[in-house]
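Trainee: Protein chains in written order, with this note's numbering: chain A, 1 to 422; chain B, 423 to 844.
Hints in this document: simulated from the structure, not taken from any laboratory. Fair warning: this is a prediction, and the values are worked out from it, not measured in the lab. Heads up, the beta-carbon is just placed ideally off N, CA and C, and yes, glycines get one too. Keep in mind that a hint or two might mislead.
Claimed, not checked - Between beta-carbon pairs, the in silico distance windows are:
| no. | chain 1 | residue 1 | chain 2 | residue 2 | range |
| --- | --- | --- | --- | --- | --- |
| 1 | B | Arg628 | A | Pro308 | 44 to 50 Å |
| 2 | A | Thr399 | B | Ala437 | 39 to 45 Å |
| 3 | B | Ser826 | A | Pro22 | 38 to 44 Å |
| 4 | A | Thr297 | B | Leu629 | 53 to 59 Å |
| 5 | B | Gly663 | A | Thr317 | 46 to 52 Å |
| 6 | B | Gly505 | A | His276 | 27 to 33 Å |
| 7 | A | Thr317 | B | Asp528 | 51 to 57 Å |
| 8 | A | Pro308 | B | Ser826 | 39 to 45 Å |
| 9 | A | Thr34 | B | Ser826 | 22 to 28 Å |
| 10 | A | Asp82 | B | Asp795 | 30 to 36 Å |
| 11 | B | Gly801 | A | Glu63 | 30 to 36 Å |
Stated by the list, open to error - Not the full set, but computed from the structure, chain B residues with beta-carbon under 7 Å of chain A:
| no. | residue |
| --- | --- |
| 12 | Pro490 |
| 13 | Gly529 |
| 14 | Ala593 |
| 15 | Ala610 |
| 16 | Val613 |
| 17 | Arg773 |
| 18 | Thr774 |
| 19 | Gly796 |
| 20 | Ala834 |
| 21 | Leu836 |
| 22 | Arg837 |
| 23 | Gly841 |
There are 2 protein chains.
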Amino acid sequence: MRNTMIAQEPSLARAQVSLGDPEISYPLWPPITTGCPKTSNDDVQYPLEIDYDYGALDLAIFEQAPLPGLDRWAPLLPPLLDGLSIGEGGTPLVASPRLADLSDFDGELYVKDESQNPTWSHKDRLNLCTVSAASRSGATGIVVASSGNHGASAAAYAARAGLPCIVLVSATSPRNIISFVRGYGAAAIAVPSAARWPLMRQLQERLGFQPVSNVTTSHTGHPFGPEGYKTVAYEVYAQLGRRVPAAVFVPTGYAEILYGVWKGFDEMRRLGVTGHVPRIVACEPASRGALALAIETSRPVASVPPNPTDAYAIGSTINGYRGVVAVQRSNGAALRVSDDDMRRAQADMGRTGIWNELSSAAGLAGFRNALADGETFDGPVVCVSTSSGFKDIATGTHTAPEVSGEWDEVVAALRDTYGIRV
Amino acid sequence: MRNTMIAQEPSLARAQVSLGDPEISYPLWPPITTGCPKTSNDDVQYPLEIDYDYGALDLAIFEQAPLPGLDRWAPLLPPLLDGLSIGEGGTPLVASPRLADLSDFDGELYVKDESQNPTWSHKDRLNLCTVSAASRSGATGIVVASSGNHGASAAAYAARAGLPCIVLVSATSPRNIISFVRGYGAAAIAVPSAARWPLMRQLQERLGFQPVSNVTTSHTGHPFGPEGYKTVAYEVYAQLGRRVPAAVFVPTGYAEILYGVWKGFDEMRRLGVTGHVPRIVACEPASRGALALAIETSRPVASVPPNPTDAYAIGSTINGYRGVVAVQRSNGAALRVSDDDMRRAQADMGRTGIWNELSSAAGLAGFRNALADGETFDGPVVCVSTSSGFKDIATGTHTAPEVSGEWDEVVAALRDTYGIRV
């Protein structure tokens, strides 16, 4: 049973490195949560990533079964807190043979279902790393600004680490999300968006809390977080029977998971485990598309107006530089998908047994758009599904027709409400 | 990578066998959804289970890694529909070192987190089997009566199988659940409880739909369903490093999962893989407790009044005979846990990073009560957590205090709403 009992090896992490200039590095501790001090300026802030002693890695790590519990990848992650894992990762790669209008695609299509994580989104991979970092660097608590998955996931890991957690939400956050955050004993407070960052700074300076979400104008986030997303790549490689997909389509807000997936595949390539990386494709709401604009205009960072979208989990109005790196270095793309594209993908994925929040369906929507544009794929395609339909803005607003149980009434309800003729 | 690529072996299932008299068996097809015809009477109906050609089993099946995708256990399951799996099972066994008031317990305590399934509850293990059975026996659709997890899970698998699905809910079902069911394209209809079974029968007789929930007075359910729950036992055995726990505490309504967990361990014992079975402990809402009453009064089936409980997922007023078998043959117990016990367990499990619906916390509540009663356990203890907090009746009713972001206001909100003094 070697696969399930693999010992937690020590982390090979050795430094924080600037994405603004890979020659610039910083000690591993403490985590720098405000971007690279040397390369950032008022307009553009550059994230940091973690470097490892790759030469000391036992490559047998890539031969293990892709089970839950990210501590099995400990050598390639920042130092984790012992016992913090709640079974994150090891999510299924689900074959999707039953999707409509893909009849011109004869390849393999898979959905990486991140809703099968401890708090039912991909964010658990990140927060295992960020909350470990906070605890190991002596933080007295966790603060996070989020109206969705990130806040609840941070709350779960903070609770397990024994740290208090404050989640700054907005007054319009879905009520399900408030219950979700409070379920882990965290304190949810609704503050105007302009007050979030000043308050996070105060909680950091006055109380010693560590922010695990972004506090800079262009997104940099916590440097240890995106490392957790590398494990998506390690798992997909194992789940495909040690193959690299042709492309990975990723719902994209600030591009932390996009970057992590790319980095994981790039590590395997650099280590000689694989021969190439997949094309990494960002899928943003069409009404926003900050990363797409940055890439089109060859800028590290671009801003867009806060035009309406129901895909609130990925509705960023400014991109993080990580997305530019991942797309360019993988010969990928940054696609815009409309809310209607996402709604159709959401409904169709429901017919394959996977119920997404709207944002989570952006990957499949982007893949379809790419196919419609004549793109071809020489190998398996993976769409990342980030989170469950329970987080959707429309959830809890549906009703069921009430009938007495008389046959004619049932037949009428099926026809009128659902268009089912029996 | 043998563990992840194990071929789907054919099922060794060979007959339906009566729990009322194990000498009585029926052909494997068609599924008998109304209990054993020969042993049942108006007062008590006996379920059927599946028998296998155990002698033909390759015991190496118990050496594989406990990954998601139940088709890896195909030889010991009823025949599955090819491609129906959406990665059910393989859920983490989470160590729970941080629970309050267990200081007098120095053993190992684990939570089997079934919320990390495709529709975020244990029911996916059952519906993989029932929907496969319906499709393979020629059903034209699926009908299920459920106000919670079972309906949504059946809807997901029906959608993937390409079968229409009708979910009979009640007018008081949580709205989240209605959105959930509709997310898979199923038709939710609210009918009075007295009309459910007649309507299910009509859908069966007039349209050829197959019921995947119970249609008898004392619970019998679909004979193929509880077989899926055996995989919980197979996985726990692997996850404990090939050990058998001392006891498994299970939230209990109609005892389908209780029975499945017992049967899985009992199969391993009969096959010589293990030496004994764990004590199987049913945990029912104290205001109901039909199984506890049946066992106390040495009856196969008992009824209780519909006294109030918020644990709607396990609020049965009559037991299924399966629970009697599992508890008696494992030297287990049937415990009553109050809503307050469950609320405390729910809150405390939130502090370990696991957010349950109220019913789902019954296992831990029962374990605590057993400890308080002086029970001792010679080995690891497993509490099954069945489902996520998103299904809780209180979810969506919480709010967050709104503040401007001024420090004094934030301090007051933390103190007044959350009792946090900073």
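Trainee: Are the hints correct? Go through all of them and say.
Mentor: For each hint, the structure was consulted:
Separated by about 46 Å at the C-beta atoms, Arg628/B and Pro308/A satisfy the suggested range of 44 to 50 Å. At roughly 44 Å, the beta-carbon separation of Thr399/A and Ala437/B lies within the given 39 to 45 Å, and the hint holds. The hint said 38 to 44 Å for the Cβ distance between Ser826/B and Pro22/A, and at roughly 42 Å that hint holds. A C-beta distance of roughly 58 Å is found between Thr297/A and Leu629/B, which places it inside the suggested range of 53 to 59 Å.
Taking the beta carbon of each, Gly663/B and Thr317/A are about 49 Å apart, inside 46 to 52 Å as hinted. At about 29 Å, the CB distance of Gly505/B to His276/A agrees with the hint of 27 to 33 Å. For the pair Thr317/A and Asp528/B, the beta carbons lie near 53 Å from each other, so the given range of 51 to 57 Å is met. Checking the proposed 39 to 45 Å range against Pro308/A and Ser826/B shows it is violated: the Cβ atoms sit about 26 Å from each other.
Taking 22 to 28 Å as the suggested C-beta distance range, the pair Thr34/A and Ser826/B conforms, at roughly 24 Å. For Asp82/A and Asp795/B, the hinted distance range of 30 to 36 Å is satisfied, since their beta carbons lie about 33 Å from each other. For Gly801/B paired with Glu63/A, a C-beta distance near 32 Å keeps the hint of 30 to 36 Å intact. For the restraint placing Pro490/B at the interface with chain A, the shortest Cβ-Cβ distance is roughly 4 Å, inside the 7 Å limit, so the hint holds.
Taking 7 Å as the C-beta cut-off, the interface hint given for Gly529/B is violated, the closest approach to chain A being about 16 Å. Interface hint status for Ala593/B: upheld, as the beta-carbon distance to the closest one in chain A is roughly 5 Å, under 7 Å. Taken as an interface hint, Ala610/B checks out: its beta carbon lies about 4 Å from the nearest beta carbon of chain A, inside 7 Å. Hint on Val613/B holds. Least Cβ distance to chain A is approximately 5 Å, under the 7 Å limit.
Annotation: Arg773/B was flagged as interfacial toward chain A, and the flag holds, the nearest CB pair being 5 Å apart, inside 7 Å. Against a cut-off of 7 Å between C-beta atoms, the interface hint on Thr774/B holds, since the closest Cβ of chain A lies about 6 Å away. At about 28 Å, the closest approach between the beta carbon of Gly796/B and any beta carbon in chain A exceeds 7 Å, and the interface hint on this residue is violated. At a threshold of 7 Å, the smallest CB-CB gap from Ala834/B to chain A is about 11 Å, leaving the interface hint violated.
Proximity of Leu836/B to chain A holds as hinted, the smallest CB-CB distance being about 6 Å (cut-off 7 Å). Hint on Arg837/B is violated. Least Cβ distance to chain A is approximately 10 Å, over the 7 Å limit. Hint status for Gly841/B: violated, given a least beta-carbon distance of 9 Å to chain A, over 7 Å.
Of the numbered hints stated above, those contradicted by the structure are hints 8, 13, 19, 20, 22, 23, listed in ascending order.
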